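4 protein chains.
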Amino acid sequence: MKIGIIGLGYWGTNLVRNFAGLSDAKLALVADSRQERSKILSKLSPTSAFTVSAEEVINNPEIDAVVIATPVFSHYELAKKALENGKHVLIEKPMTSSTDQAKELIEIATAKNLVLMVDHTFLYTGAVRKMKSLIDSGEIGNVKYFDSTRINLGLFQPDVNVLWDLAPHDISILNYLVKEKPCSVQASGVSHTNNGIENIAYIFVKYNSGFMAHFSCSWTSPVKIRMMLIGGDKKMIVFNDVEPTEKIKVYDTGYAHKTDEEKKSVLVDYRTGDIYTPKLDTKEALAAMAADFVSAITKGTKPVSDFESGLEVIRILEASQISIKEKSREVSI
Amino acid sequence: MKIGIIGLGYWGTNLVRNFAGLSDAKLALVADSRQERSKILSKLSPTSAFTVSAEEVINNPEIDAVVIATPVFSHYELAKKALENGKHVLIEKPMTSSTDQAKELIEIATAKNLVLMVDHTFLYTGAVRKMKSLIDSGEIGNVKYFDSTRINLGLFQPDVNVLWDLAPHDISILNYLVKEKPCSVQASGVSHTNNGIENIAYIFVKYNSGFMAHFSCSWTSPVKIRMMLIGGDKKMIVFNDVEPTEKIKVYDTGYAHKTDEEKKSVLVDYRTGDIYTPKLDTKEALAAMAADFVSAITKGTKPVSDFESGLEVIRILEASQISIKEKSREVSI
Amino acid sequence: MKIGIIGLGYWGTNLVRNFAGLSDAKLALVADSRQERSKILSKLSPTSAFTVSAEEVINNPEIDAVVIATPVFSHYELAKKALENGKHVLIEKPMTSSTDQAKELIEIATAKNLVLMVDHTFLYTGAVRKMKSLIDSGEIGNVKYFDSTRINLGLFQPDVNVLWDLAPHDISILNYLVKEKPCSVQASGVSHTNNGIENIAYIFVKYNSGFMAHFSCSWTSPVKIRMMLIGGDKKMIVFNDVEPTEKIKVYDTGYAHKTDEEKKSVLVDYRTGDIYTPKLDTKEALAAMAADFVSAITKGTKPVSDFESGLEVIRILEASQISIKEKSREVSI
Amino acid sequence: MKIGIIGLGYWGTNLVRNFAGLSDAKLALVADSRQERSKILSKLSPTSAFTVSAEEVINNPEIDAVVIATPVFSHYELAKKALENGKHVLIEKPMTSSTDQAKELIEIATAKNLVLMVDHTFLYTGAVRKMKSLIDSGEIGNVKYFDSTRINLGLFQPDVNVLWDLAPHDISILNYLVKEKPCSVQASGVSHTNNGIENIAYIFVKYNSGFMAHFSCSWTSPVKIRMMLIGGDKKMIVFNDVEPTEKIKVYDTGYAHKTDEEKKSVLVDYRTGDIYTPKLDTKEALAAMAADFVSAITKGTKPVSDFESGLEVIRILEASQISIKEKSREVSI
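Residue numbers (my numbering), protein chains in the order written: chain A, 1 to 333; chain B, 1 to 333; chain C, 1 to 333; chain D, 1 to 333.
Wrong hints could be hidden among the right ones.
One copy or any two copies: either way a pair holds, since identical chains are not told apart in the list.
[What the hints assert, rightly or not] Each computed EDC-like pair below joins lysine to aspartate or glutamate, with the alpha-carbon atoms no more than 20 Å apart:
#: 1; residue 1: K224; residue 2: E243
#: 2; residue 1: K279; residue 2: D233
#: 3; residue 1: K181; residue 2: D136
#: 4; residue 1: K130; residue 2: D241
#: 5; residue 1: K130; residue 2: D252
#: 6; residue 1: K130; residue 2: D274
#: 7; residue 1: K130; residue 2: D281
#: 8; residue 1: K81; residue 2: E104
#: 9; residue 1: K132; residue 2: D252
#: 10; residue 1: K224; residue 2: D274
#: 11; residue 1: K224; residue 2: D269
#: 12; residue 1: K224; residue 2: D252
#: 13; residue 1: K103; residue 2: E308
#: 14; residue 1: K279; residue 2: E246
No lab work stands behind these hints, which were simulated from the structure alone.
Predicted, not measured: the structure shown is a model, and the values here were computed from it.
Could you build all of it, start to finish, from the sequences and the hints given here?
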């Protein structure tokens, strides 16, 4: 199997390193419009060819699968052409600029029986996989809320706001961990530049069951925070991704409420106990993601970070954008 | 000067301890409907009298000033009677259940030339006073955002939601530090009990200048977080109130943006430098608040935590409540 | 049962508060040579009498038990008189200024069948009791080392060095947790004042089994550290006493060594796994210590912090002092 | 200028990467007895030749300078031959196995006017350079103590104890920051294996001025601690190397003592103020060290990590080893 990568920016170099390291696929060709990036490729993967033309990758009949790591606005067009040319496609997150685009790509891939996948790398980390198993096993109980903060001094993107840049990580984790579909999205944000692109923004997602999710994103925080709280009625999880070794803590803390008939009031009882910090698998997530893509192609396995995951992320981002533009109103999805 | 306190619950005992310790005022009378609380009073302040009747405090002609530390719903009525009886009044936060009530109390106090104050204790802490001086001196530059998180395992209140319980602290700090008036409020929340009272909620406050504030409150977090980020274009402040000694950190981090005419894009430059952790005054805030109340009465000084501060907090809480009830819509104020 | 306390300094007030709170004993009399301390007593325990004379406590025929909370140099004489007068005795740590003194007190108490106890409060904390149960249950395996750091900006004592001031806490914990007796002590230290009293000092304690203990104490550290590492071959414990809630962490980390016959070298294998943070009992340790003293008197129970514990601490402190004075030489004990 | 490296183990690969990146010197030849290491070299520095023979590097007339990154026991012999062949030499820390060996190498280098340097990389870090400038400027005042802890789960070395493995970092920093020469060394340690090689050990270093240094090293700690306290009478420094961004904190904490003539006692006054966390240079230290070596050869500059620094480290390590073997006795140096 031969793979081509389009886009050799910051993340593209990580992709090259990981795809070059696979044993059951060959990284044959890498495209970037900047000719000077060829030097980087020759260091990272000397046996791969370089081209300045994305078309060359897409049209090359020897290439079986294409990885797209270009700016968001170009994802749809490149992926569409690649799929139409019969290539399997892996797209960097976020999948596309709109749900319509994402749905169209999914239709083509489904019709042509091609693998279409989105690189939500976090789903392959030891931390997220551990949270998944804690939730799936029932240890956490009914999940009541999900609250994520991802803030730091970040590069202001010229074309997408901070939600499109940072929130895909957290939304993809939310969708991976919790199966219920949201019913509405509400978002707020502010732009400190004159281009109107939000650099601080918040999303609130409602669900019919009473479950809720909240996302806080910022490019302008002096401190780097990567924290997720997941509250179940049996236990609660804190995922602190800036902590080098103790990323996941499971709190044996639960709460239950009952109605005091006499006083007509609601009483809530907490239970607090031990905390445990599970040892996590520290294998590189991106390598696992690359292997998952190849396995989906060669063995027909269902990838963890599949197109549905990609679409769900876009659905929430798109609704958030509408909400921000329309005075933070609640947008049904 | 003689002072009476109504309500000897958790916070009431702190008030008794601090008012009993004043040298220029006497804590004469304390009321609580639970007779058994008299034992606590005799330990804390043996020279103060006890009564089960709030009326007795309000009607006692020897009492010059009344401190109200009862549940929120009773603040308005008790304060109104006390003011009408010519007493100076200090009310526990939040001031009242509605802006109309707050405005009415302010009108009476103004007409009768009485001191009316709200106990926003945080405004008297060394940490908040240090932030105030950092901002007023211009060291922080133009303040661009304010983001506060106050979450922990908290007592579910039977009559008010988590915002009315926790957010007054942070809103009073915001109003103290930033002079601009907000133009709209938007809030979201969720209730995990069947009484519909939110135990997790968020507020987003918009300002005409582009400044914004965000509040995150929860009674159901396994970890206790008390963190405030204040971003200026010259420097940024992190206030971490669970840190025992290093509560305030000032980051010499700023950002400026310019428009790249050629690329039609916005460039943002960060500057990062040293961090400093100022030594804070550790005197008890509540003692300073009590002294401020007495000084306002005896010397006519303007209190830090005045009725306007109290009203502004209610204004934001009331608008938040409307927003939550009306599908998170933006509510002008 | 009637109790008298001698010494109403910083720790004495804590003792008064706790002994006054006991239901099965009465704090009858408190002595302090400073008359003005009587005011403090009348606030803390209005029903207890005050005297400036320690003798009055010791000679009072109504007093059954005496608590000694005076400077170290006076412990021996006061305790001796009290025991000779037939009183049960509790002494503040460290027990005495020398092992000879401690042994003499033990002899008298034993001969007269009186309770003699030392206030090593830490042995009654939830943290230390949890470590005790972890070690006794075998969960930690063979304990290989104990390393304790207790440093901060501390009051320079005029008569005893930093080891006599701070190390009794940690040595009493060590002796409580580990049954093996040490074979030698070696200590080093430095004095930054011209009185030659060490303000930074270290103790290294050797045991025949290969187990070791190390203590690091300082009055001149800008940061407060209270940390203990206990390494077993099955698991390891970190006790961080400045951490408000997560004081004890148990690391599922062990190590085993084998000899590689071929290479004539030693291989050590580590095993690392989960970490868990047990929930600790948060009852006040000093109240439990006071109750333990009363129970030892009234019910004949063996106290946790008994005279042997007190003597063992003095034994190590005394040997440390000799070692420091004799160029850090190893002193057998 | 042409450079050869002997030893392509863990640290050797870092050296190759940094020497290959220099613009004013060429990494011509790398030796490692394990032929399979050649693959690593071809990836890291494709233009460098590989050999399994250290002799080939030392005897090659084209090589101007040799970098020795082999196990400690072989440093002396390899360096001696290289110097005798007229090569400049950089040796991995610790310099040699004994002071006699170190002195002999220094004599040869001095006689032949060759650069002889030891790789104490830490001296080139932003953190250590910042501490150096804080101390040299007088901001810290008179330095009174230096206390270093370097513990974690570490590889048990087969031939040297934990002090020879870990302490060179901290001793080289001590010697760099403080000019006074020590007068004695005392050390203690314990071996948990049957080869008698200590895996936990402590060093206490005395100075005539009253200054002192202490080192705590362990291969068997469940937590990784890299902490250094440096106490001056004006200010104090905490260097926490596991902290990603805030490694250096400067405490505006000082202390002064005076003798109370009346009470014949010593009073110590503390002063505590702000803390500041300077921004540090984050350039790679190893690259700066490599450049310093080349500059010493080509421009005759005095290297920071010179042979005297290397010798002083060995002097303390050697004395420590004697002290441990002779029951922790104080060893003059």
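These are the hints, each one checked on the structure:
For a Cα distance limit of 20 Å, the shortest separation of K224 from E243 qualifies both inside one copy, at 11 Å, and across copies, at 13 Å. Taking the closest pair of Cα atoms, K279 and D233 come within 20 Å of each other only across two copies (18 Å); inside a single copy the shortest separation is 23 Å, beyond that limit. In this assembly of identical chains, the alpha carbons of K181 and D136 lie at most 20 Å apart only when taken from the same copy (16 Å versus 47 Å across copies). For the homomeric pair K130 and D241, the shortest alpha-carbon distance inside one copy (13 Å) is at most 20 Å, but the shortest distance between copies (29 Å) is not.
In this homomeric assembly, K130 and D252 come within 20 Å of each other (Cα to Cα) both inside a single copy, at 16 Å, and across copies, at 18 Å. For the identical chains of this complex, K130 and D274 are neighbours both inside a copy (18 Å) and across copies (12 Å), given an alpha-carbon limit of 20 Å. In this assembly of identical chains, K130 and D281 lie within 20 Å of each other by CA distance solely inside one copy; the values are 9 Å within and 29 Å between copies. Taking the shortest alpha-carbon separations for K81 and E104, only the intra-copy value of 12 Å comes in at or below 20 Å, while the best inter-copy value is 68 Å.
Within a single copy, K132 and D252 get their C-alpha atoms as close as 17 Å, which meets the 20 Å cut-off; across copies the closest is 22 Å, which misses it. Within a single copy, K224 and D274 get their C-alpha atoms only as close as 28 Å, which misses the 20 Å cut-off; across copies the closest is 16 Å, which meets it. Taking the shortest Cα distances, K224 and D269 sit within 20 Å of each other only across copies (17 Å), while inside one copy they are farther apart (34 Å). Taking the shortest Cα distances, K224 and D252 sit within 20 Å of each other only across copies (15 Å), while inside one copy they are farther apart (27 Å).
For the homomeric pair K103 and E308, the shortest alpha-carbon distance inside one copy (9 Å) is at most 20 Å, but the shortest distance between copies (53 Å) is not. For the homomeric pair K279 and E246, the shortest alpha-carbon distances inside one copy (8 Å) and between copies (18 Å) are both at most 20 Å.
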